[in-house]
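Q: Fit chain B to the given chain A structure using the hints.
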Amino acid sequence: MSNHSTATPPEPSVLGTVHTLYENLTRPHPSAKPRPPWAIVDAEGREIRYRVYEERHYDSLVAMYDAFGLGDRAQGVPPVGEDRIRSWLDAVLDGESVVAHHGDQVVGHVLFVPDNGGDHELAIYVHPDYQRAGIGRALLRTGLGHASTRGVDRVWLCVEAHRRGVEQLYRDVGFTLDDPIGTTFHDAPGSTHELSQTL
Amino acid sequence: MTTHESTISTTPHTPREQSYSKPGHTDSDTDPSIVLAVGETTDSRRAALVDAAIGAAGLRYATIHVVHAFTPSSFDATLDRLNFDTESPPPADEVARRCADVRDVIGRLREADLPYDARIELHGCIDTAAGPALVGLATDVDADCVIVGGRARSPTGKALFGSTAQHVLLNADCPVTFVKDE
Chain A
1 MSNHSTATPP EPSVLGTVHT LYENLTRPHP SAKPRPPWAI VDAEGREIRY
51 RVYEERHYDS LVAMYDAFGL GDRAQGVPPV GEDRIRSWLD AVLDGESVVA
101 HHGDQVVGHV LFVPDNGGDH ELAIYVHPDY QRAGIGRALL RTGLGHASTR
151 GVDRVWLCVE AHRRGVEQLY RDVGFTLDDP IGTTFHDAPG STHELSQTL
Chain B
1 MTTHESTIST TPHTPREQSY SKPGHTDSDT DPSIVLAVGE TTDSRRAALV
51 DAAIGAAGLR YATIHVVHAF TPSSFDATLD RLNFDTESPP PADEVARRCA
101 DVRDVIGRLR EADLPYDARI ELHGCIDTAA GPALVGLATD VDADCVIVGG
151 RARSPTGKAL FGSTAQHVLL NADCPVTFVK DE
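As given, the protein sequences belong to chains A and B, one line each in that order.
Just so we're aligned, residue 1 is where the first sequence starts under my numbering, counting upward by one.
Just so we're aligned, residue 1 is where the second sequence starts under my numbering, counting upward by one.
Just chain A, same shape as in the assembly (with noise of 0.2 Å):
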């Protein structure tokens, strides 16, 4: 600790070095992909379980996109209206999808629909309450991680151009950019971005 200047800063204790420590060597690495079931605690504190979907957690998967707004839509899904939601679902769900769940309620989801050259589009939701906690990382791997156990080979998904944030987090998962399109024009309004892995 020095005396001459105030805007030093504080030295870091050693129980706080020994925490950060602590906390990057027991967080999972980026691109590790467990299987469900298992649990993270989140930046908020709540345990969020991470499970297989199962038919019985369908009414409140419902009740999850009935709660996202306007805004919290991208490219169109989910759909407004729980009629519309129901009808999306029965179409999304034949292929293999994973669940968050805090307590009862259904807080994510992420979803592999078959297309029809035999690969996979991945879709993945964050109920709008329980985003920027760190729990559609956890379920983006855990998800990727359940799909190579059930055939899945390829994955691909696309992502509005000017989400860079969201890109991001893809590639953090092992995504990489596919046939980037032009390149003048690569960013222009409402261009999109594919990006894909094989497991």
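Keep in mind the hints are simulated off the structure, nothing from the lab.
There could be a bad hint or two in this list.
With the C-beta cut set under 10 Å, the calculated list includes, among others, these residues of chain A facing chain B [to be verified]:
(1) V52
(2) V77
(3) P78
(4) A123
(5) T192
Some chain B residues close to chain A (C-beta under 10 Å, calculated; not the full set) [said to hold, decoys possible]:
(6) T30
(7) P32
(8) P91
(9) R153
(10) T156
(11) K158
(12) A159
(13) S163
(14) Q166
Cβ coordinates follow ideal geometry from the N, Cα and C atoms, glycine included.
A: Same frame as chain A, but now just chain B:
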């Protein structure tokens, strides 16, 4: 990519429309040129594609370039399906002419009330990606408009243009009309 070889002339429909034509008119750089992309992804929306093409054709001397973009594998599959000799395949334009989706579009255009002297040209392209093939053709024919269809929804239900349509929308030098699949 191959350039066009086949031309189907439409018959004049009514004498009234004939009166709009300039006597002795020859092909001119200013005549409207429309590229109409017909692909396997667009079969549910052919009528809408044709309507868009007719709307864009306007009144005088338009040429509608009907394009079927094959990938090398879809070209081979089409040859096989149509009982062509895969060892010495005919030109892509000829294969395109035989495709059901192209025949359907040509039929619809012929039935439509096209302006007098509107022309239809057929093109078959073989390229690993349809988007660049369509943009290349649009450049070659100096297109005034490209009409392209595509899936509007991904498997998870996201609203998307589809990679072909997106490529054309972002890279063509002319206006592009997107006709979405249902």
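Q: The structure should be examined with respect to each hint, and the outcome stated for every one.
A: Against the structure, the hints:
1. V52: The hint is violated - V52(A) has no Cβ within 10 Å of chain B, the shortest such distance being about 18 Å.
2. V77: Status holds, d = 5 Å.
3. P78: holds (8 Å)
4. A123: holds (4 Å)
5. T192: Because about 6 Å separates T192(A) from the closest Cβ in chain B, which is inside the 10 Å limit, the hint holds.
6. T30: violated (27 Å)
7. P32: Given a least distance of 25 Å, the restraint on P32(B) is violated.
8. P91: violated (28 Å)
9. R153: holds (8 Å)
10. T156: holds (4 Å)
11. K158: holds (4 Å)
12. A159: holds (4 Å)
13. S163: Holds - the Cβ of S163(B) comes within 10 Å of chain A, reaching about 7 Å at its closest.
14. Q166: holds (6 Å)
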